[in-house]
Each structure stands twice: as C-alpha cells, then as structure tokens.
Amino acid sequence: MSHISNRVIFFGHKTKSLHSLQAGLELLGRQLFFVTEREEIKNLCTDSPRQIIVFLEDHSNELIKSKNMLSLSEEFLCVVVLSRHWKGDAASYFKIGAVDVWFEDISNIELEMSFARLDSEAKTRIQAEEHQHELQRVNTDLQKSMDMLKNDQVAGVEVQKSLMPNSPLVFGDYEISHSVNPSLYLSGDFVGYNFILDRFLLFYFVDVSGHGSSSAFVTIFLRFMVGRVIRRHEIEKDLEALNLAPDGLLEHLNKELLVMGLGKHFTIVAGCLDVETNVLRYVVGAQMPRPILIVSGNAHYLPGEGKPVGIFDNAKWQVEELALPDRCALVLMSDGVFELIADKDLIDKENTLLSFLGDNSESIEALKKALSPNFRGDPQDDVSMLLLTRGM
1 MSHISNRVIF FGHKTKSLHS LQAGLELLGR QLFFVTEREE IKNLCTDSPR
51 QIIVFLEDHS NELIKSKNML SLSEEFLCVV VLSRHWKGDA ASYFKIGAVD
101 VWFEDISNIE LEMSFARLDS EAKTRIQAEE HQHELQRVNT DLQKSMDMLK
151 NDQVAGVEVQ KSLMPNSPLV FGDYEISHSV NPSLYLSGDF VGYNFILDRF
201 LLFYFVDVSG HGSSSAFVTI FLRFMVGRVI RRHEIEKDLE ALNLAPDGLL
251 EHLNKELLVM GLGKHFTIVA GCLDVETNVL RYVVGAQMPR PILIVSGNAH
301 YLPGEGKPVG IFDNAKWQVE ELALPDRCAL VLMSDGVFEL IADKDLIDKE
351 NTLLSFLGDN SESIEALKKA LSPNFRGDPQ DDVSMLLLTR GM
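Residue numbering for the sequence shown follows the numbering used here, beginning at 1 and increasing consecutively.
Incorrect hints may appear among the rest.
As the list claims (entries may be wrong) - With a Cα cut of at most 20 Å, we get these calculated DMTMM-like pairs of lysine to aspartate or glutamate:
#	residue 1	residue 2
1	Lys123	Asp247
2	Lys237	Asp173
3	Lys349	Asp326
4	Lys123	Glu158
5	Lys368	Glu350
6	Lys369	Asp343
7	Lys123	Asp141
8	Lys316	Asp247
To be clear, the hints were calculated from the coordinates, so they are not data collected in a lab.
Required output: the full structure, derived from the provided sequences and hints.
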C-alpha cells in the first residue's frame, strides 16, 4: 500500500531542463501539476501528509530566505530539484525540511528509490498524525473523566460537610468548634459532636488512613455508626450508659469495620463530657498528637494510648477520666498538623506544638495563626482540629 499521493505538484516555473524529469515521473504513472503561488498548493491538496511538493531551482533561494519551505515542509513532503552544478547545496535543503533532492537528470531507478524514501516518510508522518489524534482523543476523554470526578468530589465534599456538626456549638460555659482542611477535595478526617439530654457532650475526632474518596467513605460509615449509638442513648435516656461513655465504643467500631473488610483503619479520640459534674471521660485510639489540655497558658498532653481501630481482632481500649478546670481548653488535632512545624524529629514537633498552643487556644483561628503565619490551603496531609473550651 502506497502512502503517498499519485499527484506531484511542482512549485515554480516550468523549463525545458525538466523534460527528462517529467518524462521519468510520467513513466512511473504520476500526475504532474505546476503552480507558482503558495495558495495554489492549498487549493490542490486534500491530504497534505501524502502530498509531494517539488520546489524548482529558480524558486529555491527565495523560498529559503522567506522560510516558506520551512513552513511548508511541516505539512507536505518537500523535494528540491537542482542541476548537477548546484549539488553542493543539497545538504542545506535537508536542513530546512526537504525530504529528498532530485537532480534534473535523475534516472528512473533513482526516482523509484526516492519514492520509496518518500513513501516511508509519509507513512511515519501519517502514523504520527494518527497517534496525535488518538492522544488528543484520549486527553479529551481523560479531561471529561476528570471533570466528572471533580464534580463527584465536589458533591462528596458537600455531603461530608453536611454530616459534620455546626461550628461552634455553645452550651453554658462550654464551646466546641472544629476545622477540617483536606489535602484533596474529600477528607479522611472527620469530627462529630452532639449535646444531648441537656447534660452530655459526646464527641469524636477521627483520622482515617489514606486520603481522598476511599477514606471519606469510611468517615460516612463512622458517622452512621456513631450516630446510631448516640440516638439510641438519647431516645432511651440511658443515663447509666452515658455515665460510662465512651466505654465500649471503639470495640464496637473495630468489630464493624473488620467485618466490612474495607482494608481501612483509623485513629480516634472519643469523649463524653458531663456538664453537671464537669468530668470528661475519653479514649484514645493511636491518635497523634495526643489530646492537649491548656490551663493558664500551660499546655500538656493528656494520658491515653491504644491501638488504631480496624486492624486488630478483640482489641481493647482504656477509658481515661479527668475533671476539667473552670477555665481551660482541650485541643484535638490530626497528624497532618506536624507538617506545619519545621522541626525534623517527632518529639521536637510535639514540644514545639505545645509551645505554640499555650497562649493561642481561645479559637480555631487563633490555633491556625499560632501554627503558621500562612496557614496553608494545600497541605500534603489533611489538617484538622477540634477545640473544646470552658470559661474562655
């Protein structure tokens, strides 16, 4: 199969010296056309990668100077005709895009060999053009898929936001608020809190392994599971269970997550504050950094440790308990916060974090400002915070 057009277009004025070349081309069954204007080439050509344009010697120097040939060679198969007297100039034409050079007295065998080279070049160009079109099609399809994914992600963000509580929530001397700053559209960080029976503040702070959609789906599962437990306690007015909360919660979530087999796990801090006694009960499931309590400008980590949820069968977690002072702040953060601290070692980061928060715990915005003068909007990891204050 030939990849070149049967038509040969000469660009220049027809002269007697071309008689031998014309005869050879006609013998090979080629149709010859002569044009003197560039626009005529466009009118004759319908398939440029296959079309041979032959530049005649009297036009060549002008074409080189005007760069016409250089531009045409990007679209057509360009050949230059020279007399043997000018054979030393052949190399200069290849530099500006000529595929081949013919001499006026070229033999039929040499013409056949030249057409073989032209056919090979045409095949290469056609394949490149087809590849480019395919690449453009793939890119278009990819962009459509990306747009659909983005729309899905944006919709997912709105769903995830709608599942989080209104911030801040105020009840008596207490106020609780949060901030979730995802590295992607969707976040693996999630917070939830409810004030029920005018006495108990139930809250949880979760950091699901990984980022993006798969982690966000787990947060929706958690919202449903924890919400179901809270609704049951609220409807039944189960004060006995609430006085023990969050005892047994992590064990319950661990069992449910393992049964689902999602291959995901999460760290968590969950707590229950009794505003009548001001006693906070909480449990830590491998959350880093640990809960931070700030009193009179002094910040320190609260005790508590435990395994992440969703990895170990029959895992158990220890519930901690403390009485909150009249004026204090409890801060929970995801491990993405460590990216905002310049120290290299984790211990140094933890100590620096305490020094940042000591005098900057009155609001979420104050926490952000303390951690970074320019709190980043595109972190490599999700950066989330929950702040519970009393008497602030």
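Hints not upheld, ascending by number: The structure conflicts with hints 1, 2, 3, 4, 7, although it agrees with all the remaining ones.
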